[in-house]
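Starting from the known structure of chain A, arrange chain B on it as the hints suggest.
2 protein chains.
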Amino acid sequence: MAQQHLEPTDPLAEPVTGDALAGYLRAQATEFLRALRQHRETGTGDSLDAARALRRSARRISGSLHTFRPLLDPDWSEAMRPELAWLSGTLALEHACASRLDRLLAALHRLSGSSAFPAHVEVAARGRTAGAARTGAAAAGAVSETRAPAPERGNLTVGAAKAGALLDRQLTLARTRAHSTALQALGSSRFHAVADKVALLASEVPLTTTAAASDLRPFAATAEERLTDAVAALPLITAGSPYNAEALIHGLSPDPAPHPQDAPWHQVRLLLRLHRYAREVLHGENTPVDVRLLTAGQALNRHRDASEAAAAAASAARTPRIAPATAYALGVLHADQRHEVEAARFAFQQCWQKQTVGTP
Amino acid sequence: MAQQHLEPTDPLAEPVTGDALAGYLRAQATEFLRALRQHRETGTGDSLDAARALRRSARRISGSLHTFRPLLDPDWSEAMRPELAWLSGTLALEHACASRLDRLLAALHRLSGSSAFPAHVEVAARGRTAGAARTGAAAAGAVSETRAPAPERGNLTVGAAKAGALLDRQLTLARTRAHSTALQALGSSRFHAVADKVALLASEVPLTTTAAASDLRPFAATAEERLTDAVAALPLITAGSPYNAEALIHGLSPDPAPHPQDAPWHQVRLLLRLHRYAREVLHGENTPVDVRLLTAGQALNRHRDASEAAAAAASAARTPRIAPATAYALGVLHADQRHEVEAARFAFQQCWQKQTVGTP
Numbered sequence: 001m002a003q004q005h006l007e008p009t010d011p012l013a014e015p016v017t018g019d020a021l022a023g024y025l026r027a028q029a030t031e032f033l034r035a036l037r038q039h040r041e042t043g044t045g046d047s048l049d050a051a052r053a054l055r056r057s058a059r060r061i062s063g064s065l066h067t068f069r070p071l072l073d074p075d076w077s078e079a080m081r082p083e084l085a086w087l088s089g090t091l092a093l094e095h096a097c098a099s100r101l102d103r104l105l106a107a108l109h110r111l112s113g114s115s116a117f118p119a120h121v122e123v124a125a126r127g128r129t130a131g132a133a134r135t136g137a138a139a140a141g142a143v144s145e146t147r148a149p150a151p152e153r154g155n156l157t158v159g160a161a162k163a164g165a166l167l168d169r170q171l172t173l174a175r176t177r178a179h180s181t182a183l184q185a186l187g188s189s190r191f192h193a194v195a196d197k198v199a200l201l202a203s204e205v206p207l208t209t210t211a212a213a214s215d216l217r218p219f220a221a222t223a224e225e226r227l228t229d230a231v232a233a234l235p236l237i238t239a240g241s242p243y244n245a246e247a248l249i250h251g252l253s254p255d256p257a258p259h260p261q262d263a264p265w266h267q268v269r270l271l272l273r274l275h276r277y278a279r280e281v282l283h284g285e286n287t288p289v290d291v292r293l294l295t296a297g298q299a300l301n302r303h304r305d306a307s308e309a310a311a312a313a314a315s316a317a318r319t320p321r322i323a324p325a326t327a328y329a330l331g332v333l334h335a336d337q338r339h340e341v342e343a344a345r346f347a348f349q350q351c352w353q354k355q356t357v358g359t360p
Numbered sequence: 001m002a003q004q005h006l007e008p009t010d011p012l013a014e015p016v017t018g019d020a021l022a023g024y025l026r027a028q029a030t031e032f033l034r035a036l037r038q039h040r041e042t043g044t045g046d047s048l049d050a051a052r053a054l055r056r057s058a059r060r061i062s063g064s065l066h067t068f069r070p071l072l073d074p075d076w077s078e079a080m081r082p083e084l085a086w087l088s089g090t091l092a093l094e095h096a097c098a099s100r101l102d103r104l105l106a107a108l109h110r111l112s113g114s115s116a117f118p119a120h121v122e123v124a125a126r127g128r129t130a131g132a133a134r135t136g137a138a139a140a141g142a143v144s145e146t147r148a149p150a151p152e153r154g155n156l157t158v159g160a161a162k163a164g165a166l167l168d169r170q171l172t173l174a175r176t177r178a179h180s181t182a183l184q185a186l187g188s189s190r191f192h193a194v195a196d197k198v199a200l201l202a203s204e205v206p207l208t209t210t211a212a213a214s215d216l217r218p219f220a221a222t223a224e225e226r227l228t229d230a231v232a233a234l235p236l237i238t239a240g241s242p243y244n245a246e247a248l249i250h251g252l253s254p255d256p257a258p259h260p261q262d263a264p265w266h267q268v269r270l271l272l273r274l275h276r277y278a279r280e281v282l283h284g285e286n287t288p289v290d291v292r293l294l295t296a297g298q299a300l301n302r303h304r305d306a307s308e309a310a311a312a313a314a315s316a317a318r319t320p321r322i323a324p325a326t327a328y329a330l331g332v333l334h335a336d337q338r339h340e341v342e343a344a345r346f347a348f349q350q351c352w353q354k355q356t357v358g359t360p
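Which chain is which? The protein sequence lines are A and B, in order. In terms of the UniProt record's numbering, the first sequence has 284 at position 284, counting the first letter as 1, and numbering is strictly consecutive. In terms of the UniProt record's numbering, the second sequence has 71 at position 71, counting the first letter as 1, and numbering is strictly consecutive.
Okay, chain A solo, but in the shape it has when bound (with noise of 0.2 angstroms):
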């Protein structure tokens, strides 16, 4: 089929029309219905996997909005966008504390050069208690240096055991908060506005008068290049050089807030993201696999991962009264999850070297 070597920028292939983006919605819609279903059927140990599947639809839905707007129902679509995305944004939260914690403590085991009890170990002894520090770890808020380590960190040193310890704390009592968020936000009158805008579209997609006659492709070009403009504006040669040193240069800046540096590839992920959906929309079911962009992909969330754990570790380091010892071990993570971030852009870079010399 012809449609399976479609992309955007291809003259030669046909026109794509607003019928497409019409089921595309309406196929995303379905799933988030049905994600709520089993959200709502399912006890916590599934509830995960729906906050997930209810979290994807939403970014396709909200994503696809954006990238195709003027086809859409602009009121509609305008209203829409900021519900779908405080959605996704406050379900994204609990995993998103989660995997933290189990990177940074993967992290101290790793850097305490400890074979006995590799990280997946720990991992899968964490998902099993997950329920358990769900309930208890909100009394665990006051940080006290003098709790014992747990004994599965027992091969860690006395900074890097503290230092998982006070991180544990920290990152399930922000975990707790989150799950408590999320369970509040989907039983919520704004999270019923939301849904029943949902089931609506799995109905009946609000599109203009003109859009059904549209061709899409345009849209979905425009997403490509803003994704393409916004690569460019990367500083890629640097990335391309390892251990250019970059990612740690504010290493010891006294602003807490974030890396400004992260920012740009932050908003190529999101673009590259939008540009993902697009071809969705286009391609359907037959959307075809593209290796490039899911390892960009794959590169910039491990950037995105590691920013936040990098910016984890630092302020667990400015809790009062910590030891020296644990203050050491947080500043040795800090350093090694930017130098993660540092070997992210490599990646990134060395994938969309790849992408563009491959293009005939």
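Honestly, the hints are just simulated from the structure, not real lab data. One should not assume that every hint holds.
Heads up, the list lumps identical chains together, so a pair's fine if it works in one copy or across two of them.
Claimed, not checked - Simulated crosslink set (SDA-like; lysine to any residue; CA at most 20 angstroms straight-line):
id: 1; residue 1: K354; residue 2: S241
id: 2; residue 1: K197; residue 2: E78
id: 3; residue 1: K354; residue 2: R292
id: 4; residue 1: K354; residue 2: L236
Below, chain B without anything else, positioned relative to chain A:
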């Protein structure tokens, strides 16, 4: 001249005999005596240069004694080498402390993202006050976190400034001690015995009876083989993969000793030096400049310097009663220098790879 293109393993080259070794040793002994005279005549300002020149010739004599051992009087040679090693080791310490401090302060500035006071300004300022620091620093042994940071460090954050002040005190004290030890060594009867032996060497080299007619090239080839074998045993595949995160893997290990993973690299650094000296013996003043060897040597020097700077930061973090912010900055600094270690290994791998590929 054919000699200009002579390589130790070149089967077509004419033999180089023990006479060349004798000439080389006489020349190095003369250099040694010249540097010693310069050291006695000059003030402390130039004494570092003189000490460097003494070390330079002591290393070359000692290295040649090792590589061409069977051609020299064994009793004399066995007695001479440990004395030369003691001397160059003792003389190297002061310079090592000074450059380690410069490296760590420059890194702290870089990590603070400061541009107002670039590192070289402070390094220059330190150079001017080195004499004062040397005389006054012995009293600064006690660690006092309350001491105000030096004015030129005002642009650093509190943690970075305190870490810088702590490292300054500890390494200036170590430098002062190294300076005293070097002065004592140069006035000792042990040193006078070495100097007498070197003076004798400048006029008469104790070759064995057959040495004058022996070919030097097999010995030089053995030195090169030892180097090649040691390089082959290095984890070069890992080192050539950027951001492999190997160098920091024991960053939080309880062992206060330098990282054992660094030892084979330090060993290659020494073997590379022996190979270079053997080439000098063969080629004399016509030794062709080998950019590959120079670059590889620089990468290994950087590896050694970063490894020792990282250890100094870790050691400073074990100072009792330091503030958590100081410890955090030292942790970041330690990790930064361990990444410099990794970067140096990558640089070595890159230049060695070229070397192997480039050889016809």
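Hints versus structure:
no., hint, result
1, K354 <-> S241, "both (15 angstroms within a copy, 17 angstroms between copies)"
2, K197 <-> E78, "within (13 angstroms within a copy, 91 angstroms between copies)"
3, K354 <-> R292, "within (8 angstroms within a copy, 30 angstroms between copies)"
4, K354 <-> L236, "within (13 angstroms within a copy, 24 angstroms between copies)"
Consistency note: the structure conflicts with none of the earlier hints.
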